[in-house]
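Two chains, two frames, a set of hints: combine them into the complex.
First to last, the sequence lines map onto chains X and D.
Position 357, counted from 1, in the first sequence is what the numbering used here calls 443; the numbers after and before it change by one each time, with no gaps.
Position 60, counted from 1, in the second sequence is what the numbering used here calls 108; the numbers after and before it change by one each time, with no gaps.
The reader is advised that the hints may include incorrect statements.
[Stated by the list, open to error] To be clear about the criterion: a stretch of chain D counts as covered by chain X if any three or more of its residues have a C-beta under 8 Å from a C-beta of chain X, and this derived list gives those stretches:
id	region
1	101-114
2	323-330
[What the hints assert, rightly or not] Using 30 Å as the maximum straight-line C-alpha spacing, the simulated DSSO-like pairs for lysine-lysine come out as follows:
id	chain 1	residue 1	chain 2	residue 2
3	X	225	D	109
4	D	109	X	519
5	D	109	X	167
6	X	319	D	109
7	X	501	X	519
8	X	338	D	300
9	X	502	D	109
10	X	513	D	300
11	X	167	D	300
12	X	513	D	109
13	X	175	D	109
14	X	142	X	378
15	D	300	X	281
[Claimed, not checked] Okay, the calculated beta carbon distance ranges per label pair:
id	chain 1	residue 1	chain 2	residue 2	range
16	X	522	D	359	52 to 58 Å
17	D	86	X	175	40 to 46 Å
18	D	287	X	157	40 to 46 Å
19	D	161	X	173	24 to 30 Å
Since the hints were made in silico from the structure, they are not lab data.
Yeah, the Cβ is synthetic: ideal placement off N, Cα and C, and Gly gets one too.
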Amino acid sequence: MRIVVKRTIGVTALACAGLLTATACSGGSDGGSSDGPVTVKVMTWESAETNAAIKKALADFKDDNVKVELLETPSGQYGDKLASLTQAKQLPDLFWCGNDTEQQYTSQGLLVDWADKLNNGDGDFKADKFVPSAIENWKTADGQMGGLPSLMNTYGVWYNADAFTAAGIPLPKAGWTWDDMYAAAAKLANKNGAKYGLVADQLTGPDGPFTMSMYSVSAGGAPFTDNVNHPTKAEADDKYKEGVEKLTAAIKNGSVAPPGYDAANVQSLFAAGKVPMTFGGQWLAAGFQTDKPKIKYGFAPFPQVQTPTTLYDSVGICTPQYTKDQDATYKVLQYINTKVWDAVLPASPVAPPAYTPAQTSYFDALTKAQQQTVVDTVKADLSAEKTVGVRFTTQWASQVGDLTTANYQPILSGKKPITDLPAYVDKINGLIKQGS
Amino acid sequence: MTAVTTGGPANRKRGRTRGGMSRNAGSDVRAAYLFIAPAVIGFLVFVGYPLIRSFYLALTKYNGLTDPVFVGLGNFRRLFTTDPAFWPALRATGYLVLLYVPLSLILGLALAMFCNQRFAGVRVVRTLAYLPVVLPAVATITLWKFILDPQVGLMNTILDRLGLPTSLWLQSSTMSMPSVVLVMLWGVGGTMIIFLAALQSVPTELYEAAKVDGAGPWSVFFRITMPMISPIMLLQVILQTTAALQTFNQPKILTNGGPGFSTKVLMLSIYENGFPTLGRIPQLGYASAQVWVLFVIIIAVIALTAKFSSLWTYSDSTSD
Numbered sequence: 087m088r089i090v091v092k093r094t095i096g097v098t099a100l101a102c103a104g105l106l107t108a109t110a111c112s113g114g115s116d117g118g119s120s121d122g123p124v125t126v127k128v129m130t131w132e133s134a135e136t137n138a139a140i141k142k143a144l145a146d147f148k149d150d151n152v153k154v155e156l157l158e159t160p161s162g163q164y165g166d167k168l169a170s171l172t173q174a175k176q177l178p179d180l181f182w183c184g185n186d187t188e189q190q191y192t193s194q195g196l197l198v199d200w201a202d203k204l205n206n207g208d209g210d211f212k213a214d215k216f217v218p219s220a221i222e223n224w225k226t227a228d229g230q231m232g233g234l235p236s237l238m239n240t241y242g243v244w245y246n247a248d249a250f251t252a253a254g255i256p257l258p259k260a261g262w263t264w265d266d267m268y269a270a271a272a273k274l275a276n277k278n279g280a281k282y283g284l285v286a287d288q289l290t291g292p293d294g295p296f297t298m299s300m301y302s303v304s305a306g307g308a309p310f311t312d313n314v315n316h317p318t319k320a321e322a323d324d325k326y327k328e329g330v331e332k333l334t335a336a337i338k339n340g341s342v343a344p345p346g347y348d349a350a351n352v353q354s355l356f357a358a359g360k361v362p363m364t365f366g367g368q369w370l371a372a373g374f375q376t377d378k379p380k381i382k383y384g385f386a387p388f389p390q391v392q393t394p395t396t397l398y399d400s401v402g403i404c405t406p407q408y409t410k411d412q413d414a415t416y417k418v419l420q421y422i423n424t425k426v427w428d429a430v431l432p433a434s435p436v437a438p439p440a441y442t443p444a445q446t447s448y449f450d451a452l453t454k455a456q457q458q459t460v461v462d463t464v465k466a467d468l469s470a471e472k473t474v475g476v477r478f479t480t481q482w483a484s485q486v487g488d489l490t491t492a493n494y495q496p497i498l499s500g501k502k503p504i505t506d507l508p509a510y511v512d513k514i515n516g517l518i519k520q521g522s
Numbered sequence: 049m050t051a052v053t054t055g056g057p058a059n060r061k062r063g064r065t066r067g068g069m070s071r072n073a074g075s076d077v078r079a080a081y082l083f084i085a086p087a088v089i090g091f092l093v094f095v096g097y098p099l100i101r102s103f104y105l106a107l108t109k110y111n112g113l114t115d116p117v118f119v120g121l122g123n124f125r126r127l128f129t130t131d132p133a134f135w136p137a138l139r140a141t142g143y144l145v146l147l148y149v150p151l152s153l154i155l156g157l158a159l160a161m162f163c164n165q166r167f168a169g170v171r172v173v174r175t176l177a178y179l180p181v182v183l184p185a186v187a188t189i190t191l192w193k194f195i196l197d198p199q200v201g202l203m204n205t206i207l208d209r210l211g212l213p214t215s216l217w218l219q220s221s222t223m224s225m226p227s228v229v230l231v232m233l234w235g236v237g238g239t240m241i242i243f244l245a246a247l248q249s250v251p252t253e254l255y256e257a258a259k260v261d262g263a264g265p266w267s268v269f270f271r272i273t274m275p276m277i278s279p280i281m282l283l284q285v286i287l288q289t290t291a292a293l294q295t296f297n298q299p300k301i302l303t304n305g306g307p308g309f310s311t312k313v314l315m316l317s318i319y320e321n322g323f324p325t326l327g328r329i330p331q332l333g334y335a336s337a338q339v340w341v342l343f344v345i346i347i348a349v350i351a352l353t354a355k356f357s358s359l360w361t362y363s364d365s366t367s368d
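This is chain D alone, in the form it adopts within the complex (with noise of 0.2 Å):
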């Protein structure tokens, strides 16, 4: 940022303080960690210091009441042994995971790339498919529990004037997360927007050239399309994983996290043993030792994506 010599007569002029740095030098760089002090403060106290209570009350038994008690890995032995509601709240995250991952994708992916095409209204159609994501989530959610209601809400009287079957949605124990995730696909205008852009930075050289060679559109899709926009979907990848992980609202708010545990997440489990309702005493420590099983599969899923991505991610080396 400041460029610090060493001789001349400008340097003469302003004065050189002992280690060489000119004072006006040494005020700039005195100026920009004033700049990056809020930030820097905003990291320590918002993400540094949660991030190192957070795995201290890991190790304790805390309730938020009285003083934490040091009980060193009892709250992870705890939770890999004996609490009945963990492992099944790993496998409603795995399984959501496994479920939206990839449907989000190629929704978004699909989407994105009919809002590529040249047509009338094309704007219109753009705006109405990211619309759910600038709604307030809540109500949305709100919204489709009571679509989903198996004996008012609309699904079902409208497949049942249809004379097609109808469903327990969100009260069927095996209905009840393809129902959440089909709620969760309802925001993939997020996806949408970003796939688009990536879309419109391909170069249309490269399309116009395959045209030339006589390349059909799953040539074109697969050979141009989806190697130049492979380092979006690497991102997209992470961030979808990574959000997948942490889902909250929409099995909050349909379900509760059931029936049983079948929509039960881990970001669920951590808030109803942090956060009880009304009458149950938090536990906080636990909760906290859940918070840092879930960082580290989050950590672990992106690594093991990162590491993998070189196999199916398209990179140009000469435009270093």
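One chain only, chain X, in its complex shape (with noise of 0.2 Å):
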């Protein structure tokens, strides 16, 4: 009994040593034996559909010493699925990333830096064929690329054409101001079923102070931090603070929405017609022609002060330092900028390719859906000359979300005055001193 029993013991362990074993052999990036095609292994964040659409374009790619591999994973929880497999180095050899996350990685040397691929590579896969703006933000501090940027992130304000006809109000266009836009909340707020006129989560969340920045560099004023990924300093000057002013007063009189108000279901409420004007990306447009709105819509620049000023993001594509090999991960990362947006943005617009000569498909589709005020938004945003960053790209990123929530929105709520600015922006300043 006893020998049953060890015996038993012994091949359970022995059992459980293969799976482990076998488990941790099977997960990760897999370079493909060293006769045989090297598997290049993909992961995004995309839907299920936009993901068949990328599995059907990559298919096509042709390399006869590089097999591509999309991996299958459900598009939700993206961010917890990242951190473990950083965590377990298991990351595939691409993964979609967005800009803070490529900062932040490559500062802890996680990733491959392309720079010198971008920069010295054969053909016209190179820096310039990109948005500037796009390229800038993916360096870090030292010149570094851990990963390239692949679409952008356009925002603007998506408005209700009905209701600003029915109340006889101008539509918004390129050139009106952030004067016209409260004024314009004034007269939409409460009037037929909706109840502020403006919903601008990008301004009363936690990246408002970062939003703000557009009113007071439009105005000739300095953004709140000089810059999002490796900033020095932030600051609160007397425009900033007018434009703080002039938003604070707007939450008050009801017009805008205030801090605290769950944005979550702000766009199914813009297309039912109950939120008239908001704050938002340009990737809406590809739900809207999905789920067509019962309104009649458009998309404008934000508004201006003085110049046109916008925001800036973009997502990208990013490998991990221990891809096998960079050179069969490189084709492979050239092949989706260069083609595969070709053959998924036409079906599902969702944003504008960084790389510039790949962006004509999603014009294309968005005219063709006669979503021409989003084809003009989206290329002023694209040529603005004053753009901000959205949020902080630091690794105490997270630090300022919490500081903005005890310090900025109480401000803007009118629970807290407007010369408490100050000791909030010192506050951001220690954390910069901090980080640096």
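So this is what it looks like as structure tokens:
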């Protein structure tokens, strides 16, 4: 009996060890055997439909020495998945990443630096073919590029054209001012089921202080921070303060949704005509193509004080240091940026590619769908001379959110006086100093 | 478990070991260890080790990407002195406990007393009262989020139709926590079922004697029911307080801690630091320090409750 028990335990232990070993060996990026083609694994955060289109496009990638495999992963909880794979050192060769992830991972030495290949590589796939602000922001302080930008996020104001017309307000268009916007919001509030005239989570939420930079920069003042990637200071000059005061007044009179407004359903409320104006990204256009809103709508550039100013942001594709074959991985990365979007974007025009020659298919798709205001605004944003970053991308960026909730949002809500703004900025400067 | 004898023919027959233990008894002991081994190993792997590891991590700066760096009490210093979210999180947690625990106990007991009556359909009522507990929590909480939506939600629509004042509910810094507690109370059937079992274990002769003595319903409740179920009440106080201190699902789904810090309870803060949104670096060392603070608070609350329980719990000393 005892021998049987011992043997059972021994066999079980061996089986467990075997299983653990097998599990450890089977995950992660697989460079393939030394004599066969290299397999490059790709992971996205896209929906099942978009992934199917990407997979189809990747099937046309032809190279005898390289196989491409799109990982079948559900799109939800991408952040958690990425964190787990990073900790387990099992990241695929190419994975979708934000500018902040790229900056933070590169500073930790986790990503392959593509700067040399992009600057000195063959053919047309060069840095000067990308949107300049994207390339600039994907560089770390020491010039490394831990990934390449793939799609641009542009922002503006989505408006309900029917509501504007009914209220006798001119439709928002390039060159409209912040005062125009607040005046329109005041007229549109509490009408036709709309509680607020403007819902702008980007202005009142955790990223609000950065979005407010658009006002101060447009008015000739200073942005909230000199650089979101490598900040040396934060400031709130007189122009910035003026912008905050105007927003606070608009929140107070009920025309703009206050901090704390749950913006999770804003897209559907906008489509249902219950939110007449909302700040948002160009990607909403793709959703509106499938779930058609009940209203006539448009997309306008952000308002200005004197000069047009907008937000910049982009997402991209990163590669872990331990990718087995950098050349093979780069070939696939190049293929995705130059060819894959042509196949994916016509069906779902979610964002303009950062690689400018690939933008045609995006704009063609929007034009075909009669979304001309989106085309115009995205083009204006991409060529905007003055841009401000959406948020810090630094290691300590998460602490800024709590400081904003504790100090900046109460100012907007009128619970703290505007004179508390310098104290908030000082705290941010404390973090910058500590971080550097 | 195993009786170890030292003499007698039976032992001689089985053979004795050097320590005086029979060979069979020794075998039984080994078998016993083997049987408890999975539980002990499970505890060590899934509780013991993580506990020690998290304490170590609480003393480090650790982001999960690079090796931990020892910072001593730095994380705790940051928690208590510079973190703008920590004290509001403690306040929100305390407020939630103070609102939820008494309400859940009162409502649970009231429901249990109602369900302890004899009337037609009592089983259906019991089932209905317990039903929210077996429904998937995330689904019901999400449904409540729609109900409490200030613009298109059912609650405000009904109040508006009745000519009653509406509220911003989850989007108001004053109403958000009561709204969260309201949703939590939806699952009060769990508390009810334990109280119901306690009520049914009270000897009926006590009630009969009280009836003979002419005791009124309040006297019966405070002089018989409450003392008899007080040990279960103590258990419930401890269970509900512990659960309330660790509340996560409702604030996460309903408000994500907002507006401001009004519903940002400690568990939510821990989660956000340990598992931040995409693009943010985890602060696992810092989150571990928060976990230890919460752990100490829970232990302290349980210890205090237990210490003062003798003042209000009834124990039948003659039962020994």
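A quick look at each hint next to the structure:
no. : hint                       : result
1   : 101-114                    : holds (count 4)
2   : 323-330                    : holds (count 8)
3   : X:225 to D:109             : holds, 26 Å
4   : D:109 to X:519             : holds, 18 Å
5   : D:109 to X:167             : holds, 22 Å
6   : X:319 to D:109             : holds, 24 Å
7   : X:501 to X:519             : holds, 28 Å
8   : X:338 to D:300             : holds, 28 Å
9   : X:502 to D:109             : violated, 33 Å
10  : X:513 to D:300             : holds, 27 Å
11  : X:167 to D:300             : holds, 19 Å
12  : X:513 to D:109             : holds, 21 Å
13  : X:175 to D:109             : holds, 20 Å
14  : X:142 to X:378             : holds, 27 Å
15  : D:300 to X:281             : holds, 25 Å
16  : X:522 to D:359: 52 to 58 Å : holds, 56 Å
17  : D:86 to X:175: 40 to 46 Å  : violated, 31 Å
18  : D:287 to X:157: 40 to 46 Å : holds, 43 Å
19  : D:161 to X:173: 24 to 30 Å : violated, 51 Å
Hints 9, 17, 19 from the list above are not met by this structure, while the remaining hints are.
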